[in-house]
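Peer 1: Listed here are the chains, written in short residue letters.
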Amino acid sequence: DIQMTQSPSSLSASIGDRVTITCRASQGIGSFLAWFQQKPGKAPKSLIYGASSLQSGVPSKFSGSGSGTEFTLTISSLQPEDFATYYCQQYRTYPFTFGPGTKVDIK
Amino acid sequence: QVQLVESGGGVVQPGGSLRLSCAASGFTFSNFDIHWVRQAPGKGLEWVAIVSNGGTSGFYAESVKGRFTVSRDNSKNTVYLQMDSLRPEDTAVYYCTRVYYFDYWGQGTLVTVST
Numbered sequence: 003d004i005q006m007t008q009s010p011s012s013l014s015a016s017i018g019d020r021v022t023i024t025c026r027a028s029q030g031i032g033s034f035l036a037w038f039q040q041k042p043g044k045a046p047k048s049l050i051y052g053a054s055s056l057q058s059g060v061p062s063k064f065s066g067s068g069s070g071t072e073f074t075l076t077i078s079s080l081q082p083e084d085f086a087t088y089y090c091q092q093y094r095t096y097p098f099t100f101g102p103g104t105k106v107d108i109k
Numbered sequence: 023q024v025q026l027v028e029s030g031g032g033v034v035q036p037g038g039s040l041r042l043s044c045a046a047s048g049f050t051f052s053n054f055d056i057h058w059v060r061q062a063p064g065k066g067l068e069w070v071a072i073v074s075n076g077g078t079s080g081f082y083a084e085s086v087k088g089r090f091t092v093s094r095d096n097s098k099n100t101v102y103l104q105m106d107s108l109r110p111e112d113t114a115v116y117y118c119t120r121v122y123y124f125d126y127w128g129q130g131t132l133v134t135v136s137t
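As you go down the protein sequences, you meet chains A and B in turn.
Each residue of the first sequence is one higher than the one before, counting from 3 in the working numbering.
Each residue of the second sequence is one higher than the one before, counting from 23 in the working numbering.
Looking at chain A on its own, in the form it has when it is part of the complex:
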């Protein structure tokens, strides 16, 4: 199975900060990488697919990059509604696997 790791596991940031989360795959997955945002008690929400394609309706402050084994999710200017847990997911090979999540909270 492909193992996904994320760093950091949590971070504290202020409104307006630029935030970057890193996701690494245990083997190359091309661009078959998605990012999700999840708030407590809610279903995950799709942000990015294909490593860098923005899901319809998602604001452009979110961006993704990378290919192969290393990927990043960037939030250009953190807003109150962005405090949540973020997950990456590979869909190159079954079983599809998720990273353990990065919790973003208020400093």
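I should point out that these hints are in silico values taken from the structure, not numbers from a laboratory.
Each residue gets a CB set at the ideal place from its N, CA and C atoms; glycine is no exception.
It is possible that part of the hints are untrue.
Covered stretches of chain A, as calculated for chain B (at least 3 residues, CB under 8 Å) [as the list claims (entries may be wrong)]:
hint : stretch
1    : 32-39
2    : 51-59
3    : 91-98
Position chain B against the provided structure of chain A, taking the given hints into account.
Peer 2: Frame of chain A; chain B shown alone:
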């Protein structure tokens, strides 16, 4: 608009069975693979299974293989997850979602396996 609605969760004893449903609307259901993803309380996300758009093939996580069966009825726009031989570690919120990169999700249904 695309909607996925899960139902069928509840409390079941270890060794018991439960069938979850995922009702879809707002898109051409028969064109899309459907996945199940679960989340144990306070934990991360775990992919569980996929059923192909025609219902002819499915894949499962090792943790549920041989105990869970996914199927679909395209005439009813519904996917099912039959869960047998349930274990306490199957306790989770179960979500259905579509396509490889999970663009839309249901609200989830809670399954609790406990005595």
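Peer 1: Each hint should be assessed against the structure and marked as holding or not.
Peer 2: Hint by hint, here is what the structure shows:
Counting residues of the stretch 32-39 of chain A whose beta carbon lies closer than 8 Å to any beta carbon of chain B gives 3, which reaches the threshold of three, so the coverage claim holds. Residues of the stretch 51-59 of chain A with a Cβ under 8 Å from some Cβ of chain B number 3, which satisfies the need for three, so the listed coverage holds. Counting residues of the stretch 91-98 of chain A whose beta carbon lies closer than 8 Å to any beta carbon of chain B gives 5, which reaches the threshold of three, so the coverage claim holds.
The structure fails none of the hints (numbered hints given earlier).
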